[in-house]
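K.L.:
1 is the number of the first residue of the sequence shown in UniProt numbering; add one for each residue after it.
Straight-line Cα separation of at most 30 Å, BS3-like style, residue types lysine-lysine; simulated pairs:
(1) Lys54 to Lys125
(2) Lys68 to Lys114
(3) Lys125 to Lys66
(4) Lys114 to Lys86
(5) Lys54 to Lys112
(6) Lys68 to Lys122
(7) Lys112 to Lys122
(8) Lys68 to Lys54
(9) Lys66 to Lys112
(10) Lys68 to Lys86
(11) Lys112 to Lys59
(12) Lys112 to Lys86
(13) Lys54 to Lys66
(14) Lys125 to Lys68
(15) Lys114 to Lys66
(16) Lys59 to Lys122
(17) Lys125 to Lys112
(18) Lys114 to Lys125
(19) Lys59 to Lys114
(20) Lys54 to Lys114
Label-pair distances were calculated between CB atoms; the ranges are:
(21) Thr52 to Asp88: 14 to 24 Å
(22) Gly58 to Gln23: 53 to 63 Å
(23) Gly90 to Thr63: 23 to 33 Å
(24) Leu78 to Lys54: 15 to 25 Å
Just so you know, these hints were derived from the structure itself, not from any lab.
Virtual Cβ for every residue (Gly too), placed ideally from N, Cα, C.
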Amino acid sequence: MNKKVLIIFISFATILGGFFVVQAKLSSRSIFAPTLPLNPSLPTITLERNLTYKGVEGKNALTLLKEKATIEQDASGLVVSINGRKADLGGREYWAFYVNGQMAPVGPADYKTKNEDNIEWKIEKY
Numbered sequence: 001m002n003k004k005v006l007i008i009f010i011s012f013a014t015i016l017g018g019f020f021v022v023q024a025k026l027s028s029r030s031i032f033a034p035t036l037p038l039n040p041s042l043p044t045i046t047l048e049r050n051l052t053y054k055g056v057e058g059k060n061a062l063t064l065l066k067e068k069a070t071i072e073q074d075a076s077g078l079v080v081s082i083n084g085r086k087a088d089l090g091g092r093e094y095w096a097f098y099v100n101g102q103m104a105p106v107g108p109a110d111y112k113t114k115n116e117d118n119i120e121w122k123i124e125k126y
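Given only the sequences and the hints, what does the whole structure look like? Please build it.
P.N.:
As structure tokens, this is what we get:
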């Protein structure tokens, strides 16, 4: 009888000890730990209000944006999110497209960039 009680006690202690070891490992992880981007070649932007990159001769600005960042577009093609930073439509925000410091006269899919162009996307309000 004593052997049976001893085996049950040791089994219970082992299970309980394992539970505490697992809990200690899980609780040492921070939910705010930094994470690596899914594609390390993409620029990392955290709640930024702008993104800047150089033009490439003959490539349109939208193609370059897609190469440099993760974007979302609405059904009409309007860029609504860059690297997870969504324009807050309720707050009347939008992603504005600039070339060399001036708002672009055409959309990014229609603008053929040059090597010397500075392309910038900014969150603006209307």
